[in-house]
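Just so you know, the sequences run in chain order A, B, C and D.
Using the numbering used here, you'd call the opening residue of the first sequence number 471 and step up by one each time.
Using the numbering used here, you'd call the opening residue of the second sequence number 4 and step up by one each time.
Using the numbering used here, you'd call the opening residue of the third sequence number 4 and step up by one each time.
Using the numbering used here, you'd call the opening residue of the fourth sequence number 719 and step up by one each time.
Bear in mind the hints are in silico, worked out from the structure with no lab data behind them.
Accuracy of the hints is not assured; some may be wrong.
Said to hold, decoys possible - With a Cα cut of at most 25 Å, we get these calculated PhoX-like pairs of lysine-lysine:
{"hint": "1", "chain 1": "B", "residue 1": "K13", "chain 2": "A", "residue 2": "K629"}
{"hint": "2", "chain 1": "D", "residue 1": "K1111", "chain 2": "D", "residue 2": "K1232"}
{"hint": "3", "chain 1": "A", "residue 1": "K508", "chain 2": "D", "residue 2": "K1064"}
{"hint": "4", "chain 1": "C", "residue 1": "K56", "chain 2": "C", "residue 2": "K13"}
Stated by the list, open to error - A partial selection of chain B residues facing chain A, derived with a Cβ cut-off under 7 Å:
{"hint": "5", "residue": "P19"}
{"hint": "6", "residue": "A23"}
{"hint": "7", "residue": "N65"}
{"hint": "8", "residue": "L67"}
{"hint": "9", "residue": "V68"}
Unchecked claim - Calculated from the model, a selection of chain C residues having no Cβ within reach of chain A, i.e. all distances over 10 Å:
{"hint": "10", "residue": "A6"}
{"hint": "11", "residue": "L9"}
{"hint": "12", "residue": "K13"}
{"hint": "13", "residue": "L62"}
{"hint": "14", "residue": "V68"}
{"hint": "15", "residue": "D77"}
This one's a predicted model, so the numbers in the text were calculated from it and none came from an experiment.
For every residue, glycine included, the Cβ atom is placed at its ideal position computed from N, Cα and C.
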Amino acid sequence: MKFGVLQFPGSCDEVDALQAARKVGDAELIWHGDRDLKGADAIVVPGGFSYGDYLRAGAIARFAPAMESVISFANGGGLVLGICNGFQVLCEARLLPGALLGNANRRFTFRQVELEVADHNTHFTRACGAAGREGADERLSIPAKHSWGRYYSSEETLKGIEENGQVVLRYAQGQNFNGSVADIAGVRNEAGNVFGLMPHPEHAVDELVGGSADGLQIFESMRLSVEGAYV
Amino acid sequence: MRARVLIRPKAGILDPQGEAVERALPALGFAGVANVHIGRLVELDVEDPSQIKEMCEKLLANPLVEDYEVQLLDGGS
Amino acid sequence: MRARVLIRPKAGILDPQGEAVERALPALGFAGVANVHIGRLVELDVEDPSQIKEMCEKLLANPLVEDYEVQLLDGGS
Amino acid sequence: MSESAERPDRPGLQDALALGLTAAEYELVCEHQEGSPNQVELAMYSLLWSEHCAYKHSKKLLRTLPTEGPHVVMGPGENAGAVDVGGGLVCAFKVESHNHPSAVEPFQGAATGVGGILRDIFAIGARPIAVLDSLRFGEVGEMTGTHPPPRSRYLLDGAVRGIGHYGNSIGVPTVGGEVYFERPYEQNCLVNAMALGLAEREKLVRSAAAGVGNALVLFGARTGRDGIGGASVLASAELGEGVQDKRPTVQVGDPFEEKKLLECSLELLERGLLVALQDLGAAGLTSSAAEMASKGDVGIDLDVAKVPLREDGMEPFEIMVSESQERMLCVVEPANVAAVEALCEKWEVNSAAIGTVTDTNRMRVFAGEELAGDMPVRALVDECPLYDLQPVKPTEPVYAPPEATLAAEASPREALLALLASPNIASRRPLFEQYDAIVQSRTVRRPEQADAAVLALGDGSALAVSVDCNGRRVAADPYTGTVEAVLECAANLACAGAEPLGTTNNLNFGNPEKGHIAWQLTESVRGLGDACRALGAPIVGGNVSLYNESPPTRASGGPIYPTPVIGMVGRLPDASHAGRLGFSRDGDTVALIGPFAPSLAASELAKLRGHELPDGLPEIDIGAVHAAQFAIRGAVRVGALSSAHDIAEGGLATALAECCLAGGMGADVRLEQAAGGDPFVALFGEGPGGFLVSGTPNGVSSLGRRTPTRVIGTVGGSSLLLTLGDLTLSATLTELAEAHSALAELFG
Ligand SMILES: Nc1ncnc2c1ncn2[C@@H]1O[C@H](COP(=O)(O)OP(=O)(O)O)[C@@H](O)[C@H]1O
Ligand SMILES: [Mg+2]
Chain A
471 MKFGVLQFPG
481 SCDEVDALQA
491 ARKVGDAELI
501 WHGDRDLKGA
511 DAIVVPGGFS
521 YGDYLRAGAI
531 ARFAPAMESV
541 ISFANGGGLV
551 LGICNGFQVL
561 CEARLLPGAL
571 LGNANRRFTF
581 RQVELEVADH
591 NTHFTRACGA
601 AGREGADERL
611 SIPAKHSWGR
621 YYSSEETLKG
631 IEENGQVVLR
641 YAQGQNFNGS
651 VADIAGVRNE
661 AGNVFGLMPH
671 PEHAVDELVG
681 GSADGLQIFE
691 SMRLSVEGAY
701 V
Chain B
4 MRARVLIRPK
14 AGILDPQGEA
24 VERALPALGF
34 AGVANVHIGR
44 LVELDVEDPS
54 QIKEMCEKLL
64 ANPLVEDYEV
74 QLLDGGS
Chain C
4 MRARVLIRPK
14 AGILDPQGEA
24 VERALPALGF
34 AGVANVHIGR
44 LVELDVEDPS
54 QIKEMCEKLL
64 ANPLVEDYEV
74 QLLDGGS
Chain D
719 MSESAERPDR
729 PGLQDALALG
739 LTAAEYELVC
749 EHQEGSPNQV
759 ELAMYSLLWS
769 EHCAYKHSKK
779 LLRTLPTEGP
789 HVVMGPGENA
799 GAVDVGGGLV
809 CAFKVESHNH
819 PSAVEPFQGA
829 ATGVGGILRD
839 IFAIGARPIA
849 VLDSLRFGEV
859 GEMTGTHPPP
869 RSRYLLDGAV
879 RGIGHYGNSI
889 GVPTVGGEVY
899 FERPYEQNCL
909 VNAMALGLAE
919 REKLVRSAAA
929 GVGNALVLFG
939 ARTGRDGIGG
949 ASVLASAELG
959 EGVQDKRPTV
969 QVGDPFEEKK
979 LLECSLELLE
989 RGLLVALQDL
999 GAAGLTSSAA
1009 EMASKGDVGI
1019 DLDVAKVPLR
1029 EDGMEPFEIM
1039 VSESQERMLC
1049 VVEPANVAAV
1059 EALCEKWEVN
1069 SAAIGTVTDT
1079 NRMRVFAGEE
1089 LAGDMPVRAL
1099 VDECPLYDLQ
1109 PVKPTEPVYA
1119 PPEATLAAEA
1129 SPREALLALL
1139 ASPNIASRRP
1149 LFEQYDAIVQ
1159 SRTVRRPEQA
1169 DAAVLALGDG
1179 SALAVSVDCN
1189 GRRVAADPYT
1199 GTVEAVLECA
1209 ANLACAGAEP
1219 LGTTNNLNFG
1229 NPEKGHIAWQ
1239 LTESVRGLGD
1249 ACRALGAPIV
1259 GGNVSLYNES
1269 PPTRASGGPI
1279 YPTPVIGMVG
1289 RLPDASHAGR
1299 LGFSRDGDTV
1309 ALIGPFAPSL
1319 AASELAKLRG
1329 HELPDGLPEI
1339 DIGAVHAAQF
1349 AIRGAVRVGA
1359 LSSAHDIAEG
1369 GLATALAECC
1379 LAGGMGADVR
1389 LEQAAGGDPF
1399 VALFGEGPGG
1409 FLVSGTPNGV
1419 SSLGRRTPTR
1429 VIGTVGGSSL
1439 LLTLGDLTLS
1449 ATLTELAEAH
1459 SALAELFG
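Just chain A, with the same shape it has in the complex:
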């Protein structure tokens, strides 16, 4: 199992994502200017400030040559995870529905947030709650840090998203500081192979520095999916 982690000018959390992915498989960085995805089985579009977040977060990065390959990869059913800025890039690339707007509190905000897993039967959450969290509620404690994290979609789109069960993660009560519609923290595409979230699972893979290791379950889920454990 090999993850490819994109790297744009201005990416900041790509090495963190690389290290997190390496806890469950192989992982390699993919330069934004390269079209070759190096045989990756799954792609991570990482966090940070690609192109400085200038114009709009993710607006420029989505045109990168590597993103063209990621779009074909996704259209072919490949697993793509977008974290924070990566989520913004995937929305800009229309691989995911909706858009991310400025936080309701108008500030960059860093906080450990509690998330509810809305759907365990996805390629990205099937391991959640499994390991060592017997009987625990279906929550993940994961840090979030962003200024453009207010998930928004039109009412009509939102209806579709909810009906199709595309909401994967929601902020638990009182945790939605950015004002996301319907408390949506993470959403997938209709086909289920592309997933984006604002909080940073790659920063919660090691108790020592993450405050929790809950985020590892997302990477582990992807590994299980790729390795066919659950097809």
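Assemble the complex: chain A is given as a structure, and chains B, C and D with the ligands must be docked to it using the hints.
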């Protein structure tokens, strides 16, 4: 040719910046201000003005959440 | 009365956004674009348009790094 | 000055004075130049001979500081200092001020301050791993309903946004810092930023230019008229009216550009393409090129026509003094220039070969074919006269007493809640939530988890870092107050389990030409040296910011409190045993540790009561404090304690409340009251050397062999219960938390 693009949050979408300005103004002694909205202003020289619409759709604005208006200005700058 | 304020980086002040966008455009297939500047657009209803200048100085713009231009529009909105 | 030096086509004495040189200094410049300097030369001299670059009033004092120790790899003199942290790695760190730019435009001032200190770190080949900020503003007024809101709030908001904007966007975590609000900072806020970086010891790079014939390559942002303000007097002679307003002085930071510059610089070094590297900071190309030449004992020829420009029509002197951000200068062997340019291209960074290293020991500036300036490197960099300070201990109080905000008859409970809600003590969460504290995945202790930030090194060990200075205490007693600031940093490290490796400092003072300021500075540096020597934590770098004062008015102005901001880096062998400050286990024993002798002198409570500053602080037994730190550090390292926290602003009661809040647990604490003693002194008195720990009875008592240890209570419940003789004080966690969250009002 110099072009100006005005980009605004679509009607009905919460505009926290606009609201914050609206809230702050009375404290500074300005009354009677309403409907404040904050958007983006992009100004640029283009050789081929017919490209601008596409540029807006693809890059400068996000049509899902923003409206835009293009103004072509007289000369270059 | 509806008013529009165009807020731009002052001439000579670094405009990081404009620079980054200008640099990125050719790769996105848009050639012949120059002098890109990115600013802010504020639109508001005001009862007393004579106050706008002071509002800009005090709150809407940062006169140290930004220039602003006020446009009064016909009706309210 | 000599008649012969006057030339009509050249600037003269008046221009030199306007640029900040003294008549005598100008005379000296004329001697070095064998005639009057031209515009470019005068501009360059005036910058390199400024206080900022030449340390005219502080260099002699700085020479008294201890700079050597077993861990020191790079001492003062390079872009940043560096200490060995084991495993072949060094930690580079430095603190720097951006006070004046932040007072003008807080967002950009603070942002570019962070950008500048980060460049200092990667200029020596280290990857930045953390930022800390040290901020001082005037009073913010009553939390609610102050109209109009004081400018301090605007400055605070802008500075915090600016620091966050830059650090967050460039992917370096902001892991700690400090902020104080005091009237003397009203006209002169302080924005100091500290950064740390990691490098392999063998790969550190110095800034000395070397190799005659090697190329000088400038890379990064294009050069504009940023920050030319001061030097624009030179232009007015030649440029017409109306040009003046085209000369912006506010420098705008571009963290995206710096992120590319950082990655590009580190990759250039990794590939062995550079002979030397230097950042461009204050005084831009002038300072960078001249200092590279001076350190390498070589000359440099440089052509301003080759510098990539952002604006049209820039004059040679403007290009030389521009402070445009996000630029670096490097020395490259001719054969490697193409490779350097290609790598810059990869990172979408501009680059241009703008000059060469020569054997002339002269700094020659060309504008195309024309020689626009020619100066001896030594004169430029090393011959600025140094001045002796004339310290005079003031006989009158220098600072007006603060306004009282707490009634004299307030009860201990009211005092505790007022202290917790006071701007100097209230939770900094509304600030640090605006900073990404975890990017790079090393942050073992985030803000409010421990007294120092803790950063994992990857081999199981970790660094701890703290930045500290209580300017009010330094104002009361510059020597002792500075010793306390150093001890406090070391105490913070001890509570995290770390031993100091090295120290950096930023000396923020008023006008050193005044006797009482000279006295503050002299005493403070003496305290700094003594404390660092005693702790074995040598000074590896720093910065000096003088003239932080404005004309006194009724309500504000005058000099700032003397503020020697101390930054200290230490190491702990086992990151998994890093200390925490919060109570964490029901039933744990709480103990008061160390030679703690509280007094209300210059305390936070005295400030709330509106008391004048005392003349002097109680003397400190540094050895006894050091022993207490040693004991705490040892106990934390072996995991003997559940929590450790040093007692600082607001005294024992405040520290207890902080331990309760950080851990979400109450405590029941009983103190003995000396007969006739003032309960407020015991509860809220301050002084160095006191710690609050919790743990098992055995874990806690293990400290008793090395330092005074008094068991005072038990962890548990949802309230803080404090008994002192026959006085009792109780507050629920909710009440404490509400008071402690007072600063949130400022960031609505
Ligand atoms: N207070 C101080 N204590 C020790 N060293 C200092 C102090 N102030 C400045 N220095 C040292 O003097 C040198 C020049 O400082 P500075 O001009 O700030 O450098 P730079 O231009 O690289 O930022 C640096 O090596 C710095 O560490
Ligand atoms: Mg430097």
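Hints, one by one, checked against the model:
no.: 1; hint: B:K13 with A:K629; in the structure: holds, 19 Å
no.: 2; hint: D:K1111 with D:K1232; in the structure: holds, 11 Å
no.: 3; hint: A:K508 with D:K1064; in the structure: holds, 19 Å
no.: 4; hint: C:K56 with C:K13; in the structure: holds, 17 Å
no.: 5; hint: P19; in the structure: holds, 5 Å
no.: 6; hint: A23; in the structure: holds, 6 Å
no.: 7; hint: N65; in the structure: holds, 6 Å
no.: 8; hint: L67; in the structure: holds, 5 Å
no.: 9; hint: V68; in the structure: holds, 5 Å
no.: 10; hint: A6; in the structure: holds, 22 Å
no.: 11; hint: L9; in the structure: holds, 17 Å
no.: 12; hint: K13; in the structure: holds, 18 Å
no.: 13; hint: L62; in the structure: holds, 14 Å
no.: 14; hint: V68; in the structure: holds, 16 Å
no.: 15; hint: D77; in the structure: holds, 29 Å
Of the numbered hints stated above, none is contradicted by the structure.
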